[in-house]
Structures are given as C-alpha cells and as structure tokens.
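Participant: Listed here are the chains, written in short residue letters.
Number of protein chains: 2
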Amino acid sequence: MDERVRQHAEILVDHCADVQRGDMVQITASKQAEDLVVALYEALGERGARPSLTWSLPKASRAYARAMDEDDYTTKAHDLAAIEETDVVFLVGGGPNAFETSDVPPAKSQAGSRAHQPILEERLGTRWVITTHPTAAGAQQAEMSTGAYEQFVYDAVNKDWAEQSEFQAQMVELLDPAESVRIVSGESTDLTMRVDGMQALNDDGDRNMPAGEVFTSPVPDSVEGEVYFDKPLMRQGNEIDGVSLTFEDGEVVDFAADQNEDVLESILDTDDGARRLGELGIGMNRDIDRFTYNMLFDEKMGDTVHLAVGAAIDECVPEDREFNDSAVHMDMIVDMSEDSFIEVDGEVVQRNGTFRFEDGFDTEQ
Amino acid sequence: MDERVRQHAEILVDHCADVQRGDMVQITASKQAEDLVVALYEALGERGARPSLTWSLPKASRAYARAMDEDDYTTKAHDLAAIEETDVVFLVGGGPNAFETSDVPPAKSQAGSRAHQPILEERLGTRWVITTHPTAAGAQQAEMSTGAYEQFVYDAVNKDWAEQSEFQAQMVELLDPAESVRIVSGESTDLTMRVDGMQALNDDGDRNMPAGEVFTSPVPDSVEGEVYFDKPLMRQGNEIDGVSLTFEDGEVVDFAADQNEDVLESILDTDDGARRLGELGIGMNRDIDRFTYNMLFDEKMGDTVHLAVGAAIDECVPEDREFNDSAVHMDMIVDMSEDSFIEVDGEVVQRNGTFRFEDGFDTEQ
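Same order as they appear, the protein sequences are chains A and B. Mapping the first sequence onto numbering that gives the first Met the number 0, position 350 (from 1) lands on 349, and the numbers just tick up by one. Mapping the second sequence onto numbering that gives the first Met the number 0, position 6 (from 1) lands on 5, and the numbers just tick up by one.
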C-alpha cells in the first residue's frame, strides 16, 4: 500500500477522531476511495474499534431520486437509529463524477435534504471528520494529472498538525477578541461585519482533513456591503460561478451569478437564515497553493477568505448571542492574493495574502 | 442498462421482498455488483421505499481482522440499531475474490461471527433476500466465461416463479406428510432420517434468488448412515472438498475431508448442534444445470440433494418438535444424477435425478 494512504488513515483515526477501543465507527466512501477505506479498516482494527461501511454511489442516488415521488422522502429510520449509536463518522469524498446528480430535480434534492436533517443533526453530535481521497475524477475537476493531484492532497493532509496549529493560533489571537472585520478585494468586494462576542476557532483537524482555517460566525444583522466570489462552487451537482451578493442590515438584498443563478436563488430562498452569513473563515493551509474546485481544500487555501450563507457554527456562538439558523450552509470563496486586505478592528492583519505575523507583510501599503 | 439486470432487480423487489412504500431497506453489495445496485435503487425509488447501502469490501474486512485483537470483537451497536428499524434486507453476493478472507485466522472469523449473532437474529426477522450478481470473479469460480456465466445466472433467476412454484409443490406434497427419507448415491452414500412432524417448505423465492428447492429439517437424533459430498464448498474463504460424514443416533461420529479437514473439524466443533443435521434440501431449479461453486446456486440444482449440519430451519420445526440449535449452518451437496435414488416412506420418489412426477421416471429399476 502507498505509504501516503496509510499516513492519511492514521491521521484521520488518531489526530482527527481520537478513535478508542470499542468505538462504533461509520465510514462513508465511494468505491474510488477503496485504498483509503482498506487503510482505515486496518488502523481501526489495530485500535479495537468497530467500523461499518456505507457505500456512496451517486449513480444509484440519481436513479433513485429520479424515480422517487417528492412526497415519499421520509427520514430513514434505520440510518437514524444507526447514527444514534455511532461514536465516530468518517465521510470520505472523492467520487467518480462531481456532476453525477446534476440532473436530479432540485425539489427532490431538497426533499431528500429535509428528510435527512434529523440524521445530520445527530451526526453533528459524533466525532465526525470530512476528508477526500485523491481520485482521477478529483484530479480532472482540479485540472491536474492524477499523480500530481495525489501529491497535492497528501501535502495538504499529511503534515505536522501541531506546528500548523501554532501558526493558526496567531490568527485566533487577533480574531477572537475582535469587534469588527472588514474584507476588501479589488473593486468588487468591500464587506464589514461585527464579530464581537463570537468565538474564533482554530481548525487544526478535528472535523476537516485537510484542516487549516480560522473561523468565526458574524453577528447576523451586522453585515454590510458587497462581495464578489472569485471561485465557482459545486452544489447539488451544479457549478455556480461568478456570484456577487449585496448585504444590508445583515441580509442579502441583491444577488447575481454568471452561471446557475437559479440554483443560487433557490438556495437563498430556502429559509430566512439562508440570506444571512453564518461563517467567516480565513484560509491558512499554505500547502494548498491552488484551487481544485473542492471546497474542503479551496476554503483552507492560504490567500483566501470564505463566507458561508446559512447556518452559523454552534461552537462559535455563545448562548447569549444570536445564532443564525438555517437548513443551508454554503461556503463561497474570495481570492485575497492581490489588491486585497483584511482589517480587524480597523487594523490590517493580512495584505495580499500575507499575514501580519508572517515575513514579507507590508505595513506601509 | 442490461434489461436482464433490471428484471433481476424487479423480481427481488416485488416477487421476493414485496417492497412497499415507506419500507426501510438495507442493501449490502460489493462494488462489482454496481449495476444491480443501481437497478435496485431505481426500482425502490419507483415504489417509494427508503434504501441504505452497505459496501461489502472483503479486502478491508481482511485487513481489519488481521489487525484486530480477537477479544475486541463486540456486537456493533450501530448495526444492531439499524437492523432493528429495517423492513427489508437484500444481501447481494458476487465479490472480487472468493478467497479474500482465506488468510484470516479462523479464531478471528469465529469471534466476528459470534459478535454478529444478535444482528443476524434480528435480520432473520426482516424480509431478507440473498442473491448474486454475475461478476468476472464468479465466472472464474464457475470456470466459465463472464458472458456465459451471466446468461446462466439470469436463466436461473429471471423466470416464471409461479410456474416453478407449482412444479415444486408436487415434491412438497410427497415430503410434507412423510415419516422417513433415505438418500442413496453410489457406494458411498446411504443415509436415513426421520422427518415426521416437520414441515416441508416450497422455496419459490421469498428468501433466496435463485430459489428452487424443497426443504425440511430432519428429526435431530434420527439420522443414521454415511454420506459423501461430491462437491466442494467455500467456508470463511477456504474450499473444503471431499467431505464424508458418518452419523449414529443423529450425531457425526466420524468425518474426513480431502482438503481443509481442519476447517471442517473446527466447524463441527463449534457447538453440539454443529454435529447434527439441521436441513435436508432437494434441488429443483432445472435452469441450474451445472455446478458453479456458489452454494446459492449449487443447492438448487435439479439433480442434487443438500444436507446442512447445524441450525435447523425455524419454519420447518413446529413448537412441539425438537429444534437443532447451532451457531453453524453449513450446506453440503450430494450429486444425485447417477446411480442414486431418494426414498420417502420406503417409496422411490426420485431416481438418477428424475422425479416420480416427471417424464422419464423409471419405476422398474
């Protein structure tokens, strides 16, 4: 077995999920991720955990959804019962075709999501980890050779997470006590928001692998200004590109997209919370040095920030602060590598992708 | 999609499991069976059922078992919770390599089986169906081309089950009221058993697909004589071949095997019931016209009987009769095509594979 796959599995089992003897573990993966599944099974056997394996097969999901009546989507009682008895969940991305469900009617996808909501909520109570296995389809999406893509993934994943965590802690120290944040990029993005009272967190690998961001939740009504998202995102098998949003009193009052604007609109119309920001994240994983059209990686990229419309992050919002509730959580990315800065409480903390605590930060610009 | 795959899926969903709207369905399959899984998902969507999909990946199971400590096998709480909420189970055979778990220590396989027992028992309370998708590995096991093997499987599976059921009912009529059965084949097999009070059943597709046998459970202490099993069987990734057993007062008092005798011995030593017969089955699916080293098919073959050491069949044993209890149920096959006969209450009901109610039955031999 490729030693990089084994290392990935061990990071997932030990660093991310801290798997213990007797833990009930659920793995969900496509057949393209077989190598990682075998490595995970071996690591879980060594630690005396008890895994079960769900096969992610989008081709079957598509056939099912197209045949299914929208009204017949009920919560899967057996899946709900299983997740209630589960300690650790590994969701392994990397399928055969990112567009596999692109011809499922959106109303059915949404009916499926609604029915899945109780299972999702229960899953959030486990030690869950999302990761990706590098597949040929993932490489194609990234416009890379499979070999180069594999190395890209393992550079981002198989690293010294203690060291990375210390690097990110410097940003947490700036953001956690802050009252306000301003994001400026080029002519098209100038957004302000309050973050006072919210908790800024260090994503060093307990939920996402690769990890590598610092994130918080904005005060819901405080967001003002305009933002243009430079990179496309995949949603229900559709690519949404060229999104711009205008916020007033925290709410999206105007929006546009160059591609699949109707999908964007249907997401923003899901519920009230879907028109407000739930997350501000700052990418800090320097081994992610290019966009690969996989949000798990793109949002961790060094010279980016991402904003999510929809649900806030539980751990970021203390009980006495307003929590933005929504069935949606859609991340979108702003490229901060050029003609850009992040201000915290009126002071620039990042300019053109370089943090204040890094070499090369230009204080004078 | 291959129309034969679709027909197989529809027989499974409608004829075998009688799937209804809202049914919670579990499918377990290997990636080699993807086509059947997609067809099942489409059929289940049309009927408004709610499937989940477990990936059977023997390579991972092997890696896990070899890494696992024997004492750490506990019942998987999440799998148990799931099966308790499940209405219908489809177990799809046809993996990449029938020998994949052949180098797992038997003690670990047995520890795994014991831990799985509560889940198995719960599964037996669902509408469960075992079937096989024709794969290249299955064809190799059968020593056939993949194309010819596919046609063999679909001939056995995609048929008029009402007609087949009527054909088999003739044998049920003979066996159900019977007191005793004698199986004679060549010089090496002459076995008698009582079946009085037991119920003979018509396997026309509610549990196995292909179906095609008539079966009952012998009175546990009544089995006497010798039997030689002409065909090998797979057990825990091992091929056991050339098995002979000698019964006295229902118990195996002598045994031998040409290949993997130690595996046979460990199975017979599992518990008291593993040394007694739990099932007598008579194969009646004439489209299964050759051995393919897959018990699901071999045991339904027209010119065979099979006997299982271990657990009796629940439905065959009324409450006032002794039930042979065991963690084991291992089917083995006697070729009845030549120099053979089956007697029921002293009368020959099959000679050289031809039933009394079929053309060509020789009453005089």
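Do not take every clue at face value.
Unchecked claim - Capping the alpha-carbon separation at 25 Å, the derived lysine-lysine pairs in BS3-like fashion look like this:
| hint | chain 1 | residue 1 | chain 2 | residue 2 |
| --- | --- | --- | --- | --- |
| 1 | A | K30 | B | K58 |
| 2 | A | K58 | A | K30 |
| 3 | B | K30 | B | K58 |
| 4 | A | K30 | B | K30 |
| 5 | B | K30 | A | K58 |
| 6 | A | K58 | B | K230 |
Hints in this document: simulated from the structure, not taken from any laboratory.
Participant: Hint compliance check: list the failing hint numbers for this structure, sorted ascending.
Facilitator: 6
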